[in-house]
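Please model the entire structure based on the sequences and the hints provided.
Read off the chains here:
Number of protein chains: 2
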Amino acid sequence: MTTSWGKRADMLVHEEEPFNAEPTSAALAASYLTPTDTFYSRNHGPIPTLDRGTWRLDVDGLVDIRLRLSLAELQDRFEEHVVTATVQCAGNRRAGLIAVRDIPGEDPWQDGATSTAVWAGIRLADVLAEAGVTQAGGEADETHVAFQAPDVSQLARPSQAYGGSIPLAKATRPEVLLAWSMNGEALTPVHGAPLRVVVPGWIGARSVKWLERIIVRHGPSDNYFQSVAYRLLPPDADPDTAGPGNGLSLGPIALNSAILSPADDSTVSAGALAVSGYAFAGDGRRVARVDVSPDGGHTWVQADLGPDRGPWAWRLWRAQVHLAAGDALLVAQAWDGTAAAQPSEAEHLWNPKGYVNNACPRARVHAVHR
Amino acid sequence: MTTSWGKRADMLVHEEEPFNAEPTSAALAASYLTPTDTFYSRNHGPIPTLDRGTWRLDVDGLVDIRLRLSLAELQDRFEEHVVTATVQCAGNRRAGLIAVRDIPGEDPWQDGATSTAVWAGIRLADVLAEAGVTQAGGEADETHVAFQAPDVSQLARPSQAYGGSIPLAKATRPEVLLAWSMNGEALTPVHGAPLRVVVPGWIGARSVKWLERIIVRHGPSDNYFQSVAYRLLPPDADPDTAGPGNGLSLGPIALNSAILSPADDSTVSAGALAVSGYAFAGDGRRVARVDVSPDGGHTWVQADLGPDRGPWAWRLWRAQVHLAAGDALLVAQAWDGTAAAQPSEAEHLWNPKGYVNNACPRARVHAVHR
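Protein sequences, first through last, are from chains A and B. The opening residue of the first sequence carries number 1 in the working numbering; numbering runs sequentially from there. The opening residue of the second sequence carries number 1001 in the working numbering; numbering runs sequentially from there.
Among these hints, one or two may not hold up.
[Said to hold, decoys possible] Derived list of chain A stretches under chain B, where covered just means 3 residues or more per stretch with a C-beta under 8 Å from a C-beta of chain B: (1) 11 to 19; (2) 226 to 237.
[Claimed, not checked] One-sided excerpt, in silico: chain A residues whose CB lies under 7 Å from chain B: (3) D283; (4) H298; (5) Q302; (6) G306; (7) P307; (8) A339; (9) P343; (10) V356.
For the record, the hints were derived by calculation from the structure and aren't laboratory data. Beta carbons are placed, not taken as given, at the ideal position from N, Cα and C, and that holds for glycine.
Have a look at this one:
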């Protein structure tokens, strides 16, 4: 194991400890599925290396039957399912908010705190059913399924092992997996071996890695990373004094997109220019359309959308625009199936912890005759 | 029956035939539940007056058991359920798009093509189950449940009775009703007596009135009002030549809000000013926050949200701002539970049929010392 955790050399490493790194836009754009050595990595404490043989998963709390299962037992007892899902950090594109106003103490993620993989494992719903927990109907918003991991974070107040929860209504949906494999290979330590949660359509913070315990409980987890962090505070709140329950607890992901090529502040040839990127609707919605403007939003063309791998995964897109020589401002805007569009400006979206920057992405380019 | 269909005298009537009318902002703001005489009315053809005694509901198509049921049979056989739901026309707030560029042939709805009522009736899911139709799991997006009504619309090409469909996954959700009552009273003819569909969180066009037939089928309805109308066309499309399947079929509602008081272009007293309105997240999402700016978006205060009647109904909101004497531009912006915010400007949202204007609402006021 190297200090780079199996990641390619050109990752943008925000922190070595805890390890926080994102791929470059070019690396992310190179394929629909993000190779594991390119997949972003967001961590809150040291990466644990767990022994697959002695590891056990505990399921307890408001269950009829407590479970303690080995990886082999999980693999034997439950049917394997495969889901293509984009994982996205709530802090993705924070750099665009920092450009509005500084956000001290938070990593300046660019467009790469999101990646897409094929995940294989078992349905959380099936394990919950074995413990006697099913969605009885209705909204099931009050019962939560909490996840506990062993990685102790010094960033939490007080320091504590990482955790979080999702409502039972989401936990019992077929897309939510306990995954042991990513892109056809066993999970690597940095991605949560031997078993992690994958909660498609929700912020990455709920896809808890190195899962050791599932607790069914009343109400959301009181883990620091759910009750205090990963909350959207109003602009005038002080994040150093904000307490549990302040602001809006993030969960389902909001519609977002990024321009992956050309790079911001790059020089391009005048004439036809290909503009490409990703769009992700989140929350089980679908990307319906992506528009691209070559002139700061005055005129727009519709981008071609790449393969559709379902509502849990991003769409790559590509448009051709024509540029005269000179400076130009490229803008993209994604639309989801409700015809909701991304908000235009990051300025109105600024918040003290820098979450959910889903403003229309922009790239300044300098077009020259070559 | 008067020509005003039981509506109050100050309704803004866009058309007498078909009858299309919305309440004033003041009338809409007066109560959380919209009185039936104030509730907006959107129609595509003549209002039918059906005989409750001889009326029957047919259920057929891809069913195990065909049903033909009287109103009394529906009321006897199935459990009554009650849902508080906001109904909203996809054309609500179209006037804001017409201000950007004209939209010929479509009514200039202001902020009142939406209203909220308590609906009582039976679950569509229960009737479908009686016909042997259940959601087998998975997404059930390919099977649709279509609704047919007797009101023939001359606006359709060719002229045809009104209809539309929703996916089985939505049709089997507990909030979707076949309703016979609105705000505690039997449906009036203009609101769909004796029985109508109520599809909470989806565009009003799917809450088909005067329901006579339910057809379970493969794929969406090919009724004009689903295959051609109620689609978000790209800005450069020609609505007169757009054919079936062009653009984006509207269904779930996008996050929206309106300022109901003060009125646009009104004179107010300098000093403290109460600003109020509604916000509706749509699609089962919740309104998480509403911000109000007294200065065109430079500074913002958080509005107080009124009672929460669940994810299918709007939130009323109120904020206090302070105005110096002079002109001011009030702006509101709603946020949903994913931290998605309304897009700022209507200009980017313009589309040829004028649907889904969910830009941040604005009101110009002239503050004077009194």
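Hints, verified against the model:
1. Judged by the Cβ-Cβ criterion of 8 Å, the region 11 to 19 of chain A is not covered by chain B as claimed, because only 0 of its residues qualify and three are needed.
2. Only residues whose C-beta sits within less than 8 Å of a C-beta in chain B count toward coverage, and the region 226 to 237 of chain A has 3 of them, enough to reach three; the restraint holds.
3. Residue-level restraint check for A/D283 holds (minimum Cβ-Cβ distance to chain B is 6 Å; threshold 7 Å).
4. A least Cβ separation of about 10 Å between A/H298 and chain B goes past the 7 Å threshold, and the interface hint is therefore violated.
5. For A/Q302, the suggested interface contact is upheld, since its CB lies about 6 Å from the closest CB of chain B, less than 7 Å.
6. Against a cut-off of 7 Å between C-beta atoms, the interface hint on A/G306 is violated, since the closest Cβ of chain B lies about 18 Å away.
7. About 17 Å separates the beta-carbon of A/P307 from the nearest beta-carbon of chain B, more than 7 Å, and the hint is not met.
8. Because the smallest distance between the Cβ of A/A339 and any Cβ of chain B comes to about 4 Å, under 7 Å, the interface hint for this residue holds.
9. Nearest Cβ of chain B to the Cβ of A/P343: about 5 Å, under the 7 Å cut. The hint holds.
10. At its closest, the beta carbon of A/V356 sits 4 Å from a beta carbon of chain B; the interface hint therefore holds under the 7 Å criterion.
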